[in-house]
Amino acid sequence: MMTDLPIISLAIWVPILAGIAVLFTGDDRRACLARWMALAGSIAGFLVTLPLYTEFNFADGGFQFQERLSWIPAFNIHYHLGVDGISVPLILLTSFITMVVVVAGWEVIEKRVAQYMASFLIMSGLMIGVFSALDAILYYVFWEAMLIPMFLVIGIWGGQNRVYATIKFFLYTLLGSLLMLVAFIYLYHQTDSFALVDYYRLPLALPVQVLIFLAFFMAFAVKIPMWPVHTWLPDAHVEAPTGGSVVLAAIMLKLGAYSFLRFAMPIAPDAAHYLAGFMITLSLISIVYIAFVALVQKDMKKLIAYSSISHMGFVTLGMFIFNPLGMEGAIVQMISHGFISGAMFLCVGVLYDRMHSRQIADYGGVANTMPTFAAFAVLFAMANAGLPGTSGFVGEFLVILGALQVNFWYAFLAALTLIFGAAYTLWMVKRVFYGEIANQQVAALKDLSKREFFILAVLALLVIGFGVYPAPITELTNASVSQLLSHLAQSKLPAGY
Amino acid sequence: MTVALGVSAYSVAMFHLMTHAFFKALLFLAAGSVIMAMHHDQDIRNMGGLRKYMPITWITSLIGSLALIGTPLFSGFYSKDSIIEAVKYSDIAGSGFAYFAVLSGVFVTAFYSFRMYFLVFHSKERWMEAKPHDAHHDDHAHDEHHGLAPHEKPHEQKWVVTLPLVLLAIPSIFIGYIAIEPMLFGDFFKGVIHVDQAAHPAMSVLASHFHGAAAMALHGLQTWPFWLALAGVLLSWLFYMKRPDIPAAIKQRFDLIYRILDNKYGFDSFNDKFFAAGSRWLGDKLWQIGDVRLIDGAVVNGTARLIGRIAGVVRQLQSGLIYHYAFAMIIGAFLLLTFFMKV
Chain F
20 MMTDLPIISL AIWVPILAGI AVLFTGDDRR ACLARWMALA GSIAGFLVTL PLYTEFNFAD
80 GGFQFQERLS WIPAFNIHYH LGVDGISVPL ILLTSFITMV VVVAGWEVIE KRVAQYMASF
140 LIMSGLMIGV FSALDAILYY VFWEAMLIPM FLVIGIWGGQ NRVYATIKFF LYTLLGSLLM
200 LVAFIYLYHQ TDSFALVDYY RLPLALPVQV LIFLAFFMAF AVKIPMWPVH TWLPDAHVEA
260 PTGGSVVLAA IMLKLGAYSF LRFAMPIAPD AAHYLAGFMI TLSLISIVYI AFVALVQKDM
320 KKLIAYSSIS HMGFVTLGMF IFNPLGMEGA IVQMISHGFI SGAMFLCVGV LYDRMHSRQI
380 ADYGGVANTM PTFAAFAVLF AMANAGLPGT SGFVGEFLVI LGALQVNFWY AFLAALTLIF
440 GAAYTLWMVK RVFYGEIANQ QVAALKDLSK REFFILAVLA LLVIGFGVYP APITELTNAS
500 VSQLLSHLAQ SKLPAGY
Chain A
232 MTVALGVSAY SVAMFHLMTH AFFKALLFLA AGSVIMAMHH DQDIRNMGGL RKYMPITWIT
292 SLIGSLALIG TPLFSGFYSK DSIIEAVKYS DIAGSGFAYF AVLSGVFVTA FYSFRMYFLV
352 FHSKERWMEA KPHDAHHDDH AHDEHHGLAP HEKPHEQKWV VTLPLVLLAI PSIFIGYIAI
412 EPMLFGDFFK GVIHVDQAAH PAMSVLASHF HGAAAMALHG LQTWPFWLAL AGVLLSWLFY
472 MKRPDIPAAI KQRFDLIYRI LDNKYGFDSF NDKFFAAGSR WLGDKLWQIG DVRLIDGAVV
532 NGTARLIGRI AGVVRQLQSG LIYHYAFAMI IGAFLLLTFF MKV
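In order, the protein sequences belong to chains F and A.
The first sequence: position 218 = 237 (our numbering), numbered continuously.
The second sequence: position 173 = 404 (our numbering), numbered continuously.
Next up, chain A with everything else stripped away, as it sits in the complex:
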């Protein structure tokens, strides 16, 4: 979506915002349905074959995934392909790289979406197997009793969970088809979004290529995004349904890349160490050295100690012994007479 903003195709960005809202919300809620069925085990390596037990969640997840990868006729297709087209026809600096990037994104998106789909709803039922990956770091809270017991089976959730899934699946399919013409090429954003057509002709180029939603879908079957998405789906089918030994081999062979990706490029570790631990370190130093040692120790308690020490010395003058006082009086009188008397 931000790519669309970058090429000044603002109406396309807003259109994608809307379609994305529907299918992404759908996918999240479907994931929630699965997690609840799995008694809060979120690890997809422990799932598999759930389509038999959760048909509504299964079909709506499939719909959401198809929308996400930009399958022609689904809503995501209209918004994503419009963005890709807008980037293609833009000549802002960097748009060439952006075009390459969004196309790669289409492939990877299709690949990971259907990796998840296959591992969760198809493939072998894995929750009753021994769990070698429980020792792995789990990012979510450690609930003592999560996950299904070996004899338990997952089942579809109640209507409060599945009804929203159905309600979201409907626009995930249709909203793109219905809304593209008025939103992108019609009067929907009239007076609201202004684009300098001379500097940024992307929208007018798109308009000239647009011949209706149905024609766009048909044409879509011949474009790069479609073939890349299809390739992604097929590759994930190959890797996770047909030959699961291949991804295992790749993980072993390219262990360094796997670990970089698993660690999210180190961003989280950096935030943890630099910002979080760094702030705590700074706070600790400011507190212990600044407040405790300097201000309280040296100044506040220090003055108290100093006064105590001075008082400890000065009070020795108050010896209570009369001959000390008499002696002081004599010495004082002598000094006064000798040095301070004006002769």
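Chain F with its partners taken away, still in its complex shape:
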């Protein structure tokens, strides 16, 4: 009976409609109502995504809960949705983080509260749309649409340099996406259809595949972000409000990685193999180069932003070594990084709300005045560094194991992250939390409020829980990853090439 309901549509539209409803509360005189409605909306949005897990058929590697309605018949465009083992964990992550962000912004956002909350709710629905769209145009619409709420969040509620940062974010991402649209239009001309499954079946010559892959690459590499198109992320994170950073790091980056798995690689598998060395090189540069850059950052948010880029390098590395360990490691890393970097940005938010500074130099000895908070922050820092027992280790370890099967040096360079990650994270933690109390403002700090404690505690439980028992994620992804890998192993070159 559950599977009769259009669950994915509910997952998409419940948050969007809730967001629109919140907008109707009007201005800040009814901010309280807006907050509670947003909370209810986000919880409803989360509950609606739960059946995607509970009713999921773990043995089936294909698309489940499919919905298909004719949308624009003239162009054969359909409202076609479906999820598999790769998208379900990401959708659950999205709806969960949305709840976290609504609670996190409770007291902090004081101006235009309704619009802030509505932005995140609408963004949540749109992102779930990206994760579940199986029609190229539907996917494209969701993909571009979700830029707008994020643009507004950074541009309105952000820091001093927010306009530069948000325009940079928007144009950078848009430029890549336009190339992706070109690829979709080409594929439409080849198949007269925008259905993803038709693209999966379409044979293509290698040069064509390479061009299509590169077009997708431009869009997704900016999103992930991969070196060298990563420079929008540090600016966006630094200027975004805490909630914006959390959603950006936890979910938006994964949209790029997911899209590689869903679009670029299956549509152009030969090109993916052909360009694997290129992708792996970029991933390794991300991992190592960016780690060095993270080491010298003086702004905490910039440091964590660079750390995110480095960790996403692991994801792309895992994807392009084409073995189950790497692929599953990449997906686990995506989920784990969602929790950990979300938590770290929340921690910086906690400090910023009190001291209005993100500069490491303005802090020192915070553990003396905020011991509970320090405990959480150090836990998340350790998880970020990849401490075994936390979810951060699982993904990284799986990817390194997978890389070892392909090439020792890939694994060696990737494993360097364990050292560098620890270096920059722990050094930041040391300068901010440990040692002597640096100044009077630090001495006057108050420890976590109940609300802050609650969010961080939930995230801590998840980080440790999945660190100790990652099976729920891997069980979910097994079948779909196998199916994807066997699809990728087959050549799509037309007969005669």
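Read the hints as simulated data drawn from the structure, not as lab findings.
The beta carbon of each residue, even a glycine, is placed where N, CA and C say it ideally should be.
Any given hint could be a false lead.
If you want the ones that stay clear, here's a sample from chain A, every Cβ over 12 Å from chain F, calculated [as the list claims (entries may be wrong)]:
| no. | residue |
| --- | --- |
| 1 | 279 |
| 2 | 517 |
| 3 | 523 |
| 4 | 525 |
| 5 | 526 |
| 6 | 530 |
| 7 | 541 |
DSSO-like mimics (lysine-lysine), calculated; alpha carbons at most 30 Å apart, straight line [unchecked claim]:
| no. | chain 1 | residue 1 | chain 2 | residue 2 |
| --- | --- | --- | --- | --- |
| 8 | F | 469 | F | 321 |
| 9 | F | 469 | F | 449 |
| 10 | A | 473 | A | 495 |
| 11 | F | 321 | F | 465 |
| 12 | F | 449 | F | 317 |
| 13 | F | 449 | A | 283 |
| 14 | A | 495 | F | 449 |
| 15 | F | 469 | F | 130 |
| 16 | A | 355 | A | 473 |
| 17 | F | 317 | A | 516 |
| 18 | A | 355 | F | 321 |
| 19 | A | 255 | F | 449 |
| 20 | A | 504 | F | 449 |
| 21 | F | 321 | A | 504 |
| 22 | A | 421 | A | 255 |
| 23 | A | 283 | A | 473 |
| 24 | F | 317 | A | 504 |
| 25 | A | 355 | A | 384 |
| 26 | A | 355 | A | 504 |
Simulated DEER-style distance windows between Cβ atoms [what the hints assert, rightly or not]:
| no. | chain 1 | residue 1 | chain 2 | residue 2 | range |
| --- | --- | --- | --- | --- | --- |
| 27 | F | 480 | A | 259 | 33 to 39 Å |
| 28 | A | 387 | F | 462 | 50 to 56 Å |
| 29 | A | 273 | F | 375 | 58 to 64 Å |
| 30 | F | 458 | A | 500 | 26 to 32 Å |
| 31 | F | 462 | A | 377 | 19 to 25 Å |
| 32 | A | 343 | F | 441 | 30 to 36 Å |
| 33 | A | 420 | F | 445 | 34 to 40 Å |
| 34 | F | 501 | A | 497 | 53 to 59 Å |
| 35 | F | 194 | A | 273 | 56 to 62 Å |
Since the structure of chain F is already known, use the hints to place chain A on it.
Quick look at chain A alone, frame taken from chain F:
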């Protein structure tokens, strides 16, 4: 212990791991007890005579130190001497040098262990004197008020501190005597540790020489390790109890060696300068040149500037003046008629 692994005496290595755990933990906790009594002054040059004030810590420290240097009957003796014997009977390349090295190690270990013991628990009470060495680099955090005030006296710590010391002192004495036979020559590691007896006969040679723990202790009094350890203790007694002027003179005379040792052979400085500062330098260059100047400056903001400049030029075409547009139309019509019309 790694020397033991090197000569394939694996069971001896594990045995030493265990005995070492007991007496080293004991020594660390005893040091902690002393540091707490001294209000977090860790500098032994400011201590002295603590045996009168901290009897439990004193005796357990002595036990730990005796175990560490390999005093016969204590646990460390059984594990250390077994290692030294195994190295002696090994003929792997380098084992000769290793034997010389471990024997030297016995002497130096005894010397530094009892240097610390004498300076902390015996000799003159120094914490109320003026501190000329506070100006020295202190490796631990600078706590504004550490150290005892001149009128204060150290006192023994609470039972939570001293009970573990006692509990660790007991195996530091006895565990070696009890465990050596089953662990090294018995069935303790049966099925767990395998040694190729033909290639590495060290353990079987040891077994043939072993006549029980008591006999080993007695025999131990006649071996090099015992005499070297004793010499170390006596020399440290001479240097730090009887004639403290001698070490001061040596420090002055051999200043270069002292400074090398004080700087830990320069390893820490090297790590600081090469790895730590080097990484930061590399990160800074990659960031400022790679990210800021090249990617952001040239490409990202550069394209924005370029577009701005092009737009600045092109928009001059949109002058808004009708005669400009009329003129353009006339010129355009002329060009079309002249060059592009197919006649």
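For each hint, the structure was consulted:
1. 279: Holds, because the least Cβ-Cβ distance between residue 279 of chain A and chain F comes to about 29 Å, which exceeds 12 Å.
2. 517: Its Cβ does come within 12 Å of chain F, the nearest being 5 Å, so this is violated.
3. 523: Since the minimum Cβ distance to chain F is about 8 Å, residue 523 of chain A lies within 12 Å and the statement is violated.
4. 525: Residue 525 of chain A not clear of chain F: closest Cβ-Cβ about 8 Å, inside 12 Å.
5. 526: For residue 526 of chain A, whose nearest Cβ neighbour in chain F is about 5 Å away, the distance does not exceed 12 Å, so it is violated.
6. 530: Answer for residue 530 of chain A: violated, closest chain F Cβ roughly 8 Å.
7. 541: Fine: 16 Å to the nearest Cβ keeps residue 541 of chain A off the interface.
8. F:469 <-> F:321: holds (27 Å)
9. F:469 <-> F:449: Distance of about 25 Å is within 30 Å: holds.
10. A:473 <-> A:495: Holds: residue 473 of chain A and residue 495 of chain A sit about 28 Å apart, inside 30 Å.
11. F:321 <-> F:465: Distance of about 25 Å is within 30 Å: holds.
12. F:449 <-> F:317: holds (13 Å)
13. F:449 <-> A:283: Not OK: residue 449 of chain F and residue 283 of chain A at ~39 Å, beyond 30 Å, violated.
14. A:495 <-> F:449: holds (24 Å)
15. F:469 <-> F:130: holds (22 Å)
16. A:355 <-> A:473: Roughly 11 Å between the alpha carbons, so the hint for residue 355 of chain A and residue 473 of chain A holds.
17. F:317 <-> A:516: Cα-Cα ~15 Å, so holds.
18. A:355 <-> F:321: violated (55 Å)
19. A:255 <-> F:449: Since the Cα atoms of residue 255 of chain A and residue 449 of chain F sit roughly 28 Å apart, the hinted pair holds (cutoff 30 Å).
20. A:504 <-> F:449: Roughly 19 Å separates the two Cα atoms, so the pair holds.
21. F:321 <-> A:504: Since the Cα atoms of residue 321 of chain F and residue 504 of chain A sit roughly 25 Å apart, the hinted pair holds (cutoff 30 Å).
22. A:421 <-> A:255: It holds: about 27 Å lies between the C-alpha atoms, which stays within 30 Å.
23. A:283 <-> A:473: holds (19 Å)
24. F:317 <-> A:504: holds (20 Å)
25. A:355 <-> A:384: holds (14 Å)
26. A:355 <-> A:504: violated (40 Å)
27. F:480 <-> A:259: 33 to 39 Å: holds (34 Å)
28. A:387 <-> F:462: 50 to 56 Å: violated (35 Å)
29. A:273 <-> F:375: 58 to 64 Å: violated (39 Å)
30. F:458 <-> A:500: 26 to 32 Å: Since the Cβ atoms of residue 458 of chain F and residue 500 of chain A sit about 31 Å apart, the hinted range of 26 to 32 Å holds.
31. F:462 <-> A:377: 19 to 25 Å: Check passed, 20 Å falls within 19 to 25 Å.
32. A:343 <-> F:441: 30 to 36 Å: Between residue 343 of chain A and residue 441 of chain F, where Cβ atoms are some 32 Å apart, the hint holds.
33. A:420 <-> F:445: 34 to 40 Å: holds (38 Å)
34. F:501 <-> A:497: 53 to 59 Å: holds (54 Å)
35. F:194 <-> A:273: 56 to 62 Å: With a Cβ separation near 60 Å, residue 194 of chain F and residue 273 of chain A satisfy 56 to 62 Å, so the hint holds.
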